[in-house]
Structure formats: structure tokens, C-alpha cells
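**Q** Protein chains in written order, with the UniProt record's numbering: chain E, 1 to 158; chain Y, 1 to 158; chain R, 1 to 158; chain H, 1 to 158; chain W, 1 to 158; chain C, 1 to 158.
Since the hints were made in silico from the structure, they are not lab data. One or more hints might be untrue.
Identical copies carry no separate label here, and so any pair may be met within one copy or between two of them.
[Unchecked claim] 30 Å max Cα-Cα, derived BS3-like pairs, lysine-lysine:
| no. | residue 1 | residue 2 |
| --- | --- | --- |
| 1 | Lys20 | Lys67 |
| 2 | Lys148 | Lys11 |
| 3 | Lys143 | Lys67 |
| 4 | Lys132 | Lys11 |
| 5 | Lys132 | Lys148 |
| 6 | Lys20 | Lys132 |
| 7 | Lys11 | Lys67 |
| 8 | Lys148 | Lys20 |
What you are looking at is a predicted structure, and each value in this text was computed from that prediction instead of being measured.
Protein chains: 6
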Amino acid sequence: MGLTHLDEAGKARMVDISGKAVTARTAIAEGHIAMSAEALAAVRDDSAAKGNVLAVARIAGITAAKKTADLIPLCHPLPLTSVSGDFTLEEGGVRVEATASTTWGTGVEMEAMTAASLALLTIYDMVKAVDKAMVISGVRLLKKTGGKSGDWTARGGC
Amino acid sequence: MGLTHLDEAGKARMVDISGKAVTARTAIAEGHIAMSAEALAAVRDDSAAKGNVLAVARIAGITAAKKTADLIPLCHPLPLTSVSGDFTLEEGGVRVEATASTTWGTGVEMEAMTAASLALLTIYDMVKAVDKAMVISGVRLLKKTGGKSGDWTARGGC
Amino acid sequence: MGLTHLDEAGKARMVDISGKAVTARTAIAEGHIAMSAEALAAVRDDSAAKGNVLAVARIAGITAAKKTADLIPLCHPLPLTSVSGDFTLEEGGVRVEATASTTWGTGVEMEAMTAASLALLTIYDMVKAVDKAMVISGVRLLKKTGGKSGDWTARGGC
Amino acid sequence: MGLTHLDEAGKARMVDISGKAVTARTAIAEGHIAMSAEALAAVRDDSAAKGNVLAVARIAGITAAKKTADLIPLCHPLPLTSVSGDFTLEEGGVRVEATASTTWGTGVEMEAMTAASLALLTIYDMVKAVDKAMVISGVRLLKKTGGKSGDWTARGGC
Amino acid sequence: MGLTHLDEAGKARMVDISGKAVTARTAIAEGHIAMSAEALAAVRDDSAAKGNVLAVARIAGITAAKKTADLIPLCHPLPLTSVSGDFTLEEGGVRVEATASTTWGTGVEMEAMTAASLALLTIYDMVKAVDKAMVISGVRLLKKTGGKSGDWTARGGC
Amino acid sequence: MGLTHLDEAGKARMVDISGKAVTARTAIAEGHIAMSAEALAAVRDDSAAKGNVLAVARIAGITAAKKTADLIPLCHPLPLTSVSGDFTLEEGGVRVEATASTTWGTGVEMEAMTAASLALLTIYDMVKAVDKAMVISGVRLLKKTGGKSGDWTARGGC
Chain E
1 MGLTHLDEAG KARMVDISGK AVTARTAIAE GHIAMSAEAL AAVRDDSAAK GNVLAVARIA
61 GITAAKKTAD LIPLCHPLPL TSVSGDFTLE EGGVRVEATA STTWGTGVEM EAMTAASLAL
121 LTIYDMVKAV DKAMVISGVR LLKKTGGKSG DWTARGGC
Chain Y
1 MGLTHLDEAG KARMVDISGK AVTARTAIAE GHIAMSAEAL AAVRDDSAAK GNVLAVARIA
61 GITAAKKTAD LIPLCHPLPL TSVSGDFTLE EGGVRVEATA STTWGTGVEM EAMTAASLAL
121 LTIYDMVKAV DKAMVISGVR LLKKTGGKSG DWTARGGC
Chain R
1 MGLTHLDEAG KARMVDISGK AVTARTAIAE GHIAMSAEAL AAVRDDSAAK GNVLAVARIA
61 GITAAKKTAD LIPLCHPLPL TSVSGDFTLE EGGVRVEATA STTWGTGVEM EAMTAASLAL
121 LTIYDMVKAV DKAMVISGVR LLKKTGGKSG DWTARGGC
Chain H
1 MGLTHLDEAG KARMVDISGK AVTARTAIAE GHIAMSAEAL AAVRDDSAAK GNVLAVARIA
61 GITAAKKTAD LIPLCHPLPL TSVSGDFTLE EGGVRVEATA STTWGTGVEM EAMTAASLAL
121 LTIYDMVKAV DKAMVISGVR LLKKTGGKSG DWTARGGC
Chain W
1 MGLTHLDEAG KARMVDISGK AVTARTAIAE GHIAMSAEAL AAVRDDSAAK GNVLAVARIA
61 GITAAKKTAD LIPLCHPLPL TSVSGDFTLE EGGVRVEATA STTWGTGVEM EAMTAASLAL
121 LTIYDMVKAV DKAMVISGVR LLKKTGGKSG DWTARGGC
Chain C
1 MGLTHLDEAG KARMVDISGK AVTARTAIAE GHIAMSAEAL AAVRDDSAAK GNVLAVARIA
61 GITAAKKTAD LIPLCHPLPL TSVSGDFTLE EGGVRVEATA STTWGTGVEM EAMTAASLAL
121 LTIYDMVKAV DKAMVISGVR LLKKTGGKSG DWTARGGC
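The shape of chain E in the complex, shown without the other chains (with noise of 0.2 Å):
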């Protein structure tokens, strides 16, 4: 199978979708940041008090998924109908899950990815005074429903 996002020359194109379904569709991504026990503790501690460090980052995945095509280069625009993020303090670091969702003729797929990644730079950005050498890792798409190539979960996924 070849890439999609290439015509047959080899020059990078946005994809013709105007043919395709509108139908509704869902994506969920997830990604995680280690942290050391200190930066951890700072998250935690502010997330008992005000919640700021995780509300921050919630807001910045949000806002990110409305900025994907803005982001990159071949992803169409498309209306999204929600999206919503999670977070988990684990042992040495936090876990985020996005979920986005869109009635559209292409997936959200890039949306719930990029606000994942944005939260969790979010998270960076917001911890680094504490831990320069923080690592965000396994950032993964864990599920997609609707559309013709139907539904997928990652090995492992929800």
C-alpha cells in the first residue's frame, strides 16, 4: 500500500475526500511523560490544591486538536464534535488519554494525537524548572471507530 498523501510522482498533495462517507467518527490516542519523584510530587501537590498543571494541559490538548490542520500540512480541516482528556498520575510520571470526535467524511485520528502530544509538552513546559529530563514516550493511537476502513484497536489498547 502506498502513501497516501503522495500522487503517484512522489509530490505531497491533501488527499481527495470528497468522495468518502460522512459519517461519525471517533478516535482515541494516548502518550505518557516520565517524570522524576520530585516533579511528580510538584504535579500531584498542585493537582490536591488547584489542579492547575493538569488543567493547563487539558486545556492545551483541546485547543491543539482545533489546531491540527493548522499543524500539519496534509490533514484536512473538519468540525470536530468533542473532545475531552484524561490524565492518570502513575508511578514516575502521568498518562494521558484524549478522545476526539468529528461527523466527517475522514477520520480525527491526527486530532486526538496532536492534543495528546500538546498536553504532554503542556506538562513539560509547566514541570521543567523541577526536571529538565523529563520523556514523553508511547504517544499511540489506541482506537478508531466509523469510516469504511471501519474500526481499529491498537494490541493492547482499550
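Mind docking chains Y, R, H, W and C on chain E? Use the hints.
**A** Quick look at chains Y, R, H, W and C alone, frame taken from chain E:
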């Protein structure tokens, strides 16, 4: 050490940098996207011909670096003096290294991290027709120079 | 009635509108900027000649309506079908009335409110060399039509 | 005194600031949103729990300050050195005070005014399911410091 | 025939398209940048190696098409279903042809025109170290299909 | 002379300007849109009344200058100190001349060129209901001052 993006009452703010010295600053970030052999071959073959996947990803990373303050809520706008991105095809995937520089009162870590992340997300977007299970990992700061806190290098960094 | 932008755990989210009916919707918002007689004369005289202050403010309002989903974190992106702005020079200041329409699954109240606000802020910007003490007031929704919750008119609204 | 954003022929332009001194400048703006007791209770209860309405509004204000030059047609782009927002729950509504700073050749009044306005619009958006009749008022400059024209304080300002 | 973007009082507005039929629409625009033989050789040689000037210009054009409603004040936002760009090296310069499509209630002429213009401006930017005297000309609509006004082809167009 | 936006391996990058002198720099660009007599009359008559087509085009050009680094992938962000646009109604069309200035380590040619192009595209948008065959031509740099490479004037330029 506390989270500088939150004031003493735990409220988010853009930290005051007006008293910080304007100096030359550089940051290097790296990241990796793991993919199937088939997907990697698609990137490589395209690369042999026209280099478009990586060319598009490079532009996406550079452009994203310029949008960092719009994407990360508490980041300061800053005047980038250079941005670049390098890709390495490795066994199992593609590695990106992004470098950003400024002459300003605050660092460019987030610009380099954002460039690396968006370059990898763009690869995901362009290759996902071949492999939806790709995973972005190891997005971290490799090195920063300049500024009051001085130089910093990740363990095992360049 | 609860705050729909927060889920049951109090976390921010973009509300799911995928099940809502796509219907024609319109919203009208108004607002006012109070200014000194000297400032108002400057707007009026300019208006007599070339109309530039209000022409620039009108464009700022229309353009801002299109950016609403980028400005208000939990707003849905929606396809505006029309936007317009009307100004009235009154004793003591300028009144704006902004109208926005869409055919979509959610209302355009925020688009009309944002258009009115940015039109007034632009007047402030262009006239502040004459009067820094101008005050923006009375920014409110006058009327909305369409959608499941039906029509709504402000007390004393049009 | 004339309108500086219009040249002698009445045409709009971005005023030339190349000869102006680069100095530290700060501006404080305030504004208020009036709402029903039920709506205010919803904000307060949420605030007691997670603070999300005001946390989201604060981020919206800070982010909007960074977009000011993109929103107000004749505003100069300028490098913000800090932005913050404070909210007070009052009888009848919520008051916001936004502070912006730069070290540049022009003032940050519009950045502070824009931050206050967008914070209030975001509150409107998040609470409108409870009360559509909320009114934004009293958006004005409280104080500015720095620059050739010197300090300025609103009558009754801080 | 009057100017539809101005109401009967001559004020700018975003025309109401709510009553227009949602149909498939396509527009093709072209343009040309004239340059010295040395500059053209630089583009060609680069093209022979990695194709970067034209690859970057292509991405700039596609990305700009998605920003059209943000750039042209009275343009409606619309959901692009495809965008592509083709370049031809000619004697004396480079010709671009940009194609944009949507299924919507208004046409995509401005998206195609904007894509062509930004692709040419990007070539200018990347080649200006070699030749500052390049001239962009012949930016025009070649063809449009779909919509109530029907198909239209420029004299001498494709 | 090589293409500075490509490194020795032909890869795109944002050129390093950290060592370049911060000096006052100005650039002037021009362009022209040819239109039918009927279209030109529509612009002229509107201009006689309220000047809206050219007023909107002027704002579009100024606003676009501020977006240049977001539109042209390898352009540096820079702090514009002034932007203006002048229009001349000529036989056969409208001529625009855009001037941009900065005090920075790189030139403002692209900002002036982008302002001229978007002003012309906006005229196209507002007049296309009368004449779809309009052609944008002669978009070029007229003059630049400041910077290491010194002043430059186009043959036949101002």
C-alpha cells in the same frame, strides 16, 4: 523547587522574564517514531526518490517551532534566530533531532521539543495509511546552552 | 442546571454535539464603548471623511468571529454562513451590534459576542491616543434563534 | 489631538514606532461579568471543587494576550515578558484584572484589555447554559507605566 | 452588478450563504514567477537533487489554502476536501497551478488563488539571496466548477 | 551563490541570523490587479462613497504582514515597527504599494511582498462577483534599505 508557572496561590501565569539577561540560547530535542518494516520501506523509498515525507515533516517541525507560544499556554513569545531538523532512518523507525536558537531572556527548550513532536506527528499522518500502530517515543531535551541556569546536557545526550 | 463544559468530575471538555440537529442558527450581540466628547468627535469626523475607524473595527469584528473557536478554549469550530456588524454613534460613545449565522449543530452566540468585543477593542486601540479612559460595557447577547433550546431574546433586546 | 492610526489622508496604517525608546512597560486592565445568583453559585461551587471555570478563563486571557496583534488590525507585535489574570467573585458576578508587561517601544494596553475581554467571554461561554443574560461591563484600562507618555491611572483605578 | 461584499449602505460584511446549495466545487488558479537564469538554475539543480524549493513551496501553498478565511477578511471558512499544487520549470521562471476542492455552499476560488500566491512568495523567499528582482505575475483563476453560477473558464485557460 | 535556506545537504532550514546586526530596515513592494472597466468603476464608485474595498484590502495587507512568518515556512519571526499600504486607481486596474519596517537582524522584504499580495487577493475576493478574469501581476520588491547587504532598488523602482 516549585512550579514557576504557578504563583504562590497555585494560579497559572506567564512567568515574568523582564529582569532576565538577553543572551544567545540554543536547545536541541530528539524523538523517535517506531514503525513496521513496510512503513519504514515506504518512507525510505519515497526518500530515495523525492524525500517528500521527511521534507514535509521538516517543514512541519520548523513551522511548529514558530507557533510554540500559541500552542503552549504559558510559553513566552520569542524571536527565533534559527531552527533546523535532522532525520535518521534507523532500524525500526525514524529519529528526529530538532535545534532551535534565540537571543532572548528565556530559553528555547519548548520550541525544540515542539518542533520534534510535530515533525513526528507529521510522519505519523503521512504514513498511517500503511501502519496505524506507529508509536512516538523518547521525545526529550538533549541539550540547552545559554541563560542564567547555564548549560545542561541529558544523560546520554549529545 | 450544571455547567455543560465540565464533566461530572469537574474537568473541562468540549461538549459532544454529534447528536444535535444541524439547523439554521443566528445570534445577535451588542456592546458599547463610552468615550469623551473629543474622542467621539474624532471618530465622527473621521467617519464623515473616510469612515476608517469604524471600517477597521468592522473588519476586526468579522475576522474575530472566524477565530472564535481558537480564542474560547471549549468552543466548537463551526462554519459561519454570515457575519456583519453595525455601529451607531450615540451621545457619549459608539454602540455595536454584531450578527452571526451558521447552519450547524451548535449555536453562534460566542461568535456574535466575540465579534462585538473585538470591534469595540479595535475602536479603543484606534482612539486611545485621544482618550485612554474609554470603557467597554453592555456586551451581551440580544437574541438567538434556531437550535433545540429554541429562540431567546434578552429583556429589552431587539 | 488626532487619531494616530490614520495618516493625514485618513488611511489606516500601523504607526511607526522605530524611533521610540525600548523601555519596561506594564498595563493593567479590568472588567466584570454580571450574572444571576444561580450562575454565580455554579462558578463558585465549581471553584470550590476544581476551579475549572476560572482556570480555563485565566488560560484564555493569557493566550489571547499573545494573539493581540493578530486580533487588533493596527496593533504592533510585541514580546510579552509576563501576563497574569486575577478573578474576584463579587456579589452579582465576577471581576477580572489582567496585567501585561513588555520591554518594547510601544505599550501593552491592548494586550491587557484583550486578556480581560477574552477571560470574560470564556466565562460567558462556560456558564451560558445556566444564564444567557450575563452582561460584560466595565472593561477599561486601570493603569499603565513606562513609555514616553509616562504613567497613567484611571480615575478610581488602582 | 454590485459588489456583494458590501451591503446597500456600502459597509463590508460576510455575505449570507445559508441559502446556497451545498455542492461539489473545484477551482484552479495559476501564477508565475520570473527569475534570472542563475536563479532558475539554482531551483533546477536543487530540484534535481532533493526538490526542496518546490517541495517547501508546495507545502506553503497547501497550508495557505487552509488559512484563506483567516487571510481574506470577508471569505467564509469552508471545509476543503482536497488541495494540490503543480510546478513547471519554464524558460525564465516557474509556473504554479493550484487546485482546491470543497463540498460547500460557496466556491473555492480564493483558496486556489491564495495557494498559488503563497507558493510563489515562498519561492521568492527561498531564492532571493540569488535574485531580488524576481517578479510574480499572471496570478489568476483558470477554471471553476460547481455552484449556482455554474462552470467558468478563463480565456486561454485549461 | 547558493540558496541560503538549504544546507549543504540540500535540506530546508531557517537560516541562522543570530550573528547579524540589529539595524533599522525597510522594504517596499508593489503589485497590480488588472480588471474590467465595469469592475474598476465598482471599486471607484465604492471608493467615492465609503472607500470600503480599498479600506478592507489595506487592513488585509497590514494584517498579512504580521502573519508572514506563519505563512512562509522558512521566514524568521520579526517585530514589525510599521506597515502601510497605498493604492492607486489606474487605467485598467489598481496598483498597491506596501511598506514594512523593522529594527532587527534580518530584512522585511517578505513582509512587504506578503502585504502587497494579500491586499490584491482581497480586492480580487471583493470584486470577483463583477469580474472573475482579474489578473494579479507585477508583484515585486521595489526597494530595500538597511542590513549588511545594503540598499537595493529595482530597475525602474522608486
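**Q** Please go over all the hints and tell whether each is borne out by the structure.
**A** For each hint, the structure was consulted:
1. Lys20 <-> Lys67: both (22 Å within a copy, 23 Å between copies)
2. Lys148 <-> Lys11: within (25 Å within a copy, 33 Å between copies)
3. Lys143 <-> Lys67: both (21 Å within a copy, 28 Å between copies)
4. Lys132 <-> Lys11: Between copies, since 22 Å is at most 30 Å while 39 Å is not.
5. Lys132 <-> Lys148: The answer is between: 15 Å across copies meets 30 Å, while 43 Å in one copy does not.
6. Lys20 <-> Lys132: Classified as between: cross-chain Cα gap 19 Å, same-chain 45 Å, threshold 30 Å.
7. Lys11 <-> Lys67: both (24 Å within a copy, 21 Å between copies)
8. Lys148 <-> Lys20: both (8 Å within a copy, 23 Å between copies)
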